[in-house]
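Q: One-letter residues, chain by chain:
Protein chains: 6
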Amino acid sequence: MPSKLEAGVRTFAGCGAPYDESEVVLFGAPFDSTTSYRPGARFASSSIRSESIGIETYSPYQMEDIENLKISDAGDLELPFGNAGRALDVVETFCGKVLDDGKMPVMIGGEHLLTFGAVRAVAARHPDLRLIHFDAHADLRRDYMGESLSHATVMRRVWDLLGDGRIYQFGIRSGTREEFDWATAHVRTELFTVRGIDGCSEAVSGYPVYISVDLDVIDPSEFPGTGTPEAGGVSFKDLLDALLCLKGLNVAGFDICELAPHYDVSGISTALACKVLREMLIAYY
Amino acid sequence: MPSKLEAGVRTFAGCGAPYDESEVVLFGAPFDSTTSYRPGARFASSSIRSESIGIETYSPYQMEDIENLKISDAGDLELPFGNAGRALDVVETFCGKVLDDGKMPVMIGGEHLLTFGAVRAVAARHPDLRLIHFDAHADLRRDYMGESLSHATVMRRVWDLLGDGRIYQFGIRSGTREEFDWATAHVRTELFTVRGIDGCSEAVSGYPVYISVDLDVIDPSEFPGTGTPEAGGVSFKDLLDALLCLKGLNVAGFDICELAPHYDVSGISTALACKVLREMLIAYY
Amino acid sequence: MPSKLEAGVRTFAGCGAPYDESEVVLFGAPFDSTTSYRPGARFASSSIRSESIGIETYSPYQMEDIENLKISDAGDLELPFGNAGRALDVVETFCGKVLDDGKMPVMIGGEHLLTFGAVRAVAARHPDLRLIHFDAHADLRRDYMGESLSHATVMRRVWDLLGDGRIYQFGIRSGTREEFDWATAHVRTELFTVRGIDGCSEAVSGYPVYISVDLDVIDPSEFPGTGTPEAGGVSFKDLLDALLCLKGLNVAGFDICELAPHYDVSGISTALACKVLREMLIAYY
Amino acid sequence: MPSKLEAGVRTFAGCGAPYDESEVVLFGAPFDSTTSYRPGARFASSSIRSESIGIETYSPYQMEDIENLKISDAGDLELPFGNAGRALDVVETFCGKVLDDGKMPVMIGGEHLLTFGAVRAVAARHPDLRLIHFDAHADLRRDYMGESLSHATVMRRVWDLLGDGRIYQFGIRSGTREEFDWATAHVRTELFTVRGIDGCSEAVSGYPVYISVDLDVIDPSEFPGTGTPEAGGVSFKDLLDALLCLKGLNVAGFDICELAPHYDVSGISTALACKVLREMLIAYY
Amino acid sequence: MPSKLEAGVRTFAGCGAPYDESEVVLFGAPFDSTTSYRPGARFASSSIRSESIGIETYSPYQMEDIENLKISDAGDLELPFGNAGRALDVVETFCGKVLDDGKMPVMIGGEHLLTFGAVRAVAARHPDLRLIHFDAHADLRRDYMGESLSHATVMRRVWDLLGDGRIYQFGIRSGTREEFDWATAHVRTELFTVRGIDGCSEAVSGYPVYISVDLDVIDPSEFPGTGTPEAGGVSFKDLLDALLCLKGLNVAGFDICELAPHYDVSGISTALACKVLREMLIAYY
Amino acid sequence: MPSKLEAGVRTFAGCGAPYDESEVVLFGAPFDSTTSYRPGARFASSSIRSESIGIETYSPYQMEDIENLKISDAGDLELPFGNAGRALDVVETFCGKVLDDGKMPVMIGGEHLLTFGAVRAVAARHPDLRLIHFDAHADLRRDYMGESLSHATVMRRVWDLLGDGRIYQFGIRSGTREEFDWATAHVRTELFTVRGIDGCSEAVSGYPVYISVDLDVIDPSEFPGTGTPEAGGVSFKDLLDALLCLKGLNVAGFDICELAPHYDVSGISTALACKVLREMLIAYY
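Which chain is which? The protein sequence lines are A, B, C, D, E and F, in order.
With the working numbering as the guide, the letters of the first sequence map in order to residues 1 to 285.
With the working numbering as the guide, the letters of the second sequence map in order to residues 1 to 285.
With the working numbering as the guide, the letters of the third sequence map in order to residues 1 to 285.
With the working numbering as the guide, the letters of the fourth sequence map in order to residues 1 to 285.
With the working numbering as the guide, the letters of the fifth sequence map in order to residues 1 to 285.
With the working numbering as the guide, the letters of the sixth sequence map in order to residues 1 to 285.
Just chain A, with the same shape it has in the complex (with noise of 0.2 Å):
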């Protein structure tokens, strides 16, 4: 009687599964020691979880429903505030042996940063890995206030172990001179929008791609629960398309970043974010 009366505070809406079974492994990853302006997507997964009560686990978007799919919640990961090198690391690890059980990785940060002990992973078993990234802000820079760890310079990151040309960019409207400058010759940025998510959608196809929602692409006014809210986003509906048009492509992982529930009392943030996780789950199962 307990077991089944916890499955709805526990785990996301209808991810169910126990990991043995499951072929996607959902889990969240509780640190922000590197937030530059507002900490605080620590408490996203946690947020995630508990209201995602309030959303149904049928889309009438894609008419499915998540309950029908083998998904686990494996929790939240440990990891050390302050340390963002070892926090790294413990995602690369736990991501790594999810692959290596032949399953998909699917995390809810934390900060942006996270998406690089993803990416290790996952690039270690893909190589020609590529990355589309939705956020407000270009993530490019070489380092921030010297650390080269952070999440104002995540891509950057990631473009060390990729190179050129294989992170596609969208919605970005925020960033140094130097950042807009260098992403014109390594990586492919559309500014404010998702436009070019077709022509995006083609190029990667046949490659193994890992998707990145940086939740702040999304307008303040429909998002304000965020640490850096930027105006002038995207709508959700803008992004749901983007994110199903990319629907039937070799989806090897993905992510939500950068939930900071506590800016956001009303609880829209967190809604939206759980729908967004809802429609990513099932697009890409």
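Careful, some of the hints might be misleading.
The list cannot tell twin chains apart, which means a pair is met if one copy fits it or any two copies do.
Simulated crosslink set (SDA-like; lysine to any residue; CA at most 20 Å straight-line) [as the list claims (entries may be wrong)]:
#1 103 - 237
#2 70 - 176
#3 237 - 193
#4 70 - 177
#5 103 - 176
#6 237 - 201
By construction, these hints were calculated from the structure, which means they are not laboratory data.
Keeping the supplied structure of chain A fixed, place chains B, C, D, E and F upon it in accordance with the hints.
A: Just chains B, C, D, E and F now, with coordinates in the frame of chain A:
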């Protein structure tokens, strides 16, 4: 002297007519006991009246002033928390009296279940009633956790009363697979948007119409103060256009529901609800 | 690996024993449909579990660690919103099973009415039960708006079951004249404070005891997150002293009720509730 | 039917007497234009009326029910924002009328400057008036940024009217050196606490008395919803004891000021203000 | 060392030029005494400076960095709360000095009335001044509760100065019937949107222009932190396009008004205001 | 003119002395990367400066005005998020310079770990340093999740430096069993209260003293804006009495830590912190 002083505080903006001289009777229905996720809609009418001092009584959309209309604000009904059946009876009785006095009832919910009480009163006097329903949620479950009376079942209960083809839904973007399947055969459901409102308006022309606006049809960015926020909604402008498209119909009653003001400390949800109510009162007077 | 990771998130701090090996069974009761003023106590158990990561499992007040005790956290019951009678039945049934399995039930409400369900289960097995009740409100109305089952009537319903002189109230500072008059003849009510707890402890010694803590007995400054805040309450320290004074009694079950976390965005109310729960679990184990 | 329904919402709890039959007249004064730090006290009366449904009309402290008293709630005055002089005139005129009708005026501020308007009306009819003043701030500046009318100068303006030795201050814990020096010679100031209230009560016995409670005299933990919170205040219980100590005096009028409800989303400040008002209405009736 | 450390905190992002070397002078005007609904705009400049650390100094919209421009941040003016006339004089005097020093004044309000002070200074030096006004509210009342100086009358006062046909309004969606009727004959008002900005730009080309942005022109979903939110507004993107359309005009001064940060605990309103200010500083430099 | 205008905004209240002329140097340390529960203390110094306009510069407790003292506010240090070691180095270096310039450093944290940086600088110059520590938490862990540098280990690191019997703790009410056991042998820990402060004051008389106030020692009712609220704390008055009891000691430096302003939208936590800082600056000057 006191009566003049009190006017602005105690009634919805501009609705100062005595009951006997009024053509429209506004009332609040503070009840939310069957709310499945976040309760608090019971405070909607109190909040709407208090904050209506922040909007003008004049509408630049319709070039009309609510102060020119004969509308009385009857205050709030006393509804017994925890007893959905009795609450519906009180709403039905009050609406019945208003209708029998030759006036139009306008309800400020409260949770959406209360619409069933109002519709029972209207349908008893207008057997060929049509219902136009704006909502994020289908509200078509047969029961919820074993309860037939719930804010998640209200449109199914209305259908019990009105039958096939007489309920028009707009903006629906959440429900179970069963609800969507059932809807196909029994009601007309416009997913995600208010498209098709013109056709609906023509179809119901000549019939008595009840209009029920679950305000969560609006995107949570514009209306965060609600129990079950659902990303991907329509805008205030879209809703207003749709509502004005229904001007001229034979409206027998209407309501706005599911404002839960505590979840939105900025107050924009209540301010929006005030404006929707002002426009509906002018449009359907 | 996942199961260990999840432990901290999914149960109340330190309560990780399997049901079969436990001596105490903690469960949540998310229900608040009869709340008369501000609902939201349904979110208490979810909030208490999530935020219990912010307190230590060790008590410097009792020099004991909750991790050394065999306590299981059974998750939340499924209670039908809007149907108080059925909700009480579910609580009673679950508590009965726990008692019949030789364990002590501990409930995280929810609204205070639910105490009646737990007490029915305990009293059926311990006919000479005494109840010690901490609260700001007398909760002794015969009915509330015509309803006999309400969080404002719960102690009257308990009296229906236990009879005169077996209910001890502390901290009461709100009620109708009728409640206070009735209380004089039927229950023992300490106004405003917890004075007299020693005498109470002696009086009930040897009898089975149920302890019900409506957390709003605490002053709203320390516990703002509740539906009906009432100035002039006792402090956490006063309550803790009183609760520790009851250590050694034959406690058959207990509960904490009426945390409504949404009203306190600072989180101090949930943090305090976690600490009260930790101390009670250690004291009455 | 409507009129009865509205009663609970539209007036302060239990204050339903018609003006002509009343002995006490309650009114709101929504004005805060001279507030020096955080404005918002204009919303106090609206908030107090709405939320007074959360407290009982019966006082267990005085064993009396406010419903047994003849008190009318006259609603809010219309005060011109940005013009302190005119606002004071409106308050003075209304209080004068109430006094001339043989009733006691009771004001819900608004900022503290408004007390000067009420005191002008009372002092004109009771030349030997004494004033008892509870506050965190001395409010004794000669001017504030060049303005003689300010919430920081109000007691100096009252002194202009009443003269030396007739103002008794309690709880003061903030001011300039000049204010404290000046106070020594002209008013009686109790720092930090309400000690000495007995002596004050004796001293003013036989004289007409105006009691002004700037609610920020209470500690910010119990009353965070105010414009200028000042740590180290008195408790609700201390204030209540002091206020009850003044029972039996010849009270000619009183007010509560400086609740700014927006700063306290938990609502405990408004709930406390409701309770202070209930107790004062019963005590000084 | 300290001076460098302090720079980021104490001025708006990137505005570090000394006054004497600057071409543009930014200043704050903390005043909101005539606000008719919810005050708090006095905290806008403090909030904008503090939170400007969250945005980049580089604009990807205009490909320019504010750090390359000679802009000084002069801090806040001292304005006497409760005395609108004197506050306007202080604003006028300061703007006059800035203009006489050959620099452009840029004001962070405060309430919208303050625009009148700035315009008086600019118009005295540029008699053929045109004003472009973005706002939700017409602000064209002759007086408000008898007061000629109010945030609801400010554009009428500007018209007193400039005369017919020289004020261009955009985004207006709230006012009395009288205001809209009066506007037809005296100013050019674009209802609801910023359409027609091209024509306006052409019409004022060659004239000195003052641009006043009441930020509540933006939809409350994107800008909830304002005193009088009005649903149905323009988006940040719309406003930005309109503002960039005015680039190249002879801008003599500008302001942004009516951010009231306390109403938006998420901080997105301040973040948006920072971005509007950055873009305007770059565009009109 | 601008420089004068800016003074009130840019420094803590009354701390306007130039660095070279000052005897005390105040600085902010915005860092919270090792915070184990709820981060946000990085915003303390910004919030304290902005909101210090709400308190007087004069203390009625000590009858002294901070404006009479030579205190400079050096702004905030630039600390690299995510790198605790480097952050400590920056704090140590800056404090060392201040000390070498013959001035007393006063730090506004940030998280409590930063105290270790300041103590390293002070202890290097005062080898017989004593430390007096007010806190809810023992902060005596050997490591936290494997990290030796953490806000949960800070006093253990200080002990590494100072050795047995030189750390005096007050108000401690949270920790692991290991911490409390270890404390018995190595530091002097007063549980729950500030009793024994007199004895401590005598014991350290003659020695150089560093005073570290983790503001969460205060009860969460008075100080909700902190990362790890712990019920059952001391009052502001208790803390102030204890701090004034230390007046006259040879204070070599001090700090206040762990204000996390975002968790307290009422602002009372920041207001209290401002007052504690004012009193400490006057007492230990």
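Q: Up to 20 Å between alpha-carbons, please classify residue 103 paired with residue 176: within, between, both or neither.
A: Answer is neither: 38 Å inside a copy and 28 Å across each miss the 20 Å cutoff.
Q: Go through the copies and call it for residue 237 and residue 201: within, between, both or neither, with a Cα cutoff of 20 Å.
A: Within. Shortest intra-copy distance 18 Å satisfies the 20 Å Cα cut-off; inter-copy 27 Å does not.
Q: Classify it for me, residue 70 with residue 176: is the Cα-Cα distance of at most 20 Å met within a copy, between copies, both or neither?
A: between (43 Å within a copy, 19 Å between copies)
Q: Give the relationship of residue 70 and residue 177 under a CA distance limit of 20 Å: within one copy only, between copies only, both, or neither.
A: between (45 Å within a copy, 18 Å between copies)
Q: Is the C-alpha distance from residue 103 to residue 237 at most 20 Å within one copy, between copies, in both cases, or in neither?
A: neither (29 Å within a copy, 41 Å between copies)
Q: With identical chains, the pair residue 237 and residue 193 could be close in the same copy or across copies; at 20 Å between alpha carbons, which is it: within, between, both, or neither?
A: Close inside one copy (12 Å) and across copies (12 Å); limit 20 Å.
Checked against the numbered hints given earlier, the structure breaks hints 1, 5 and satisfies all the rest.
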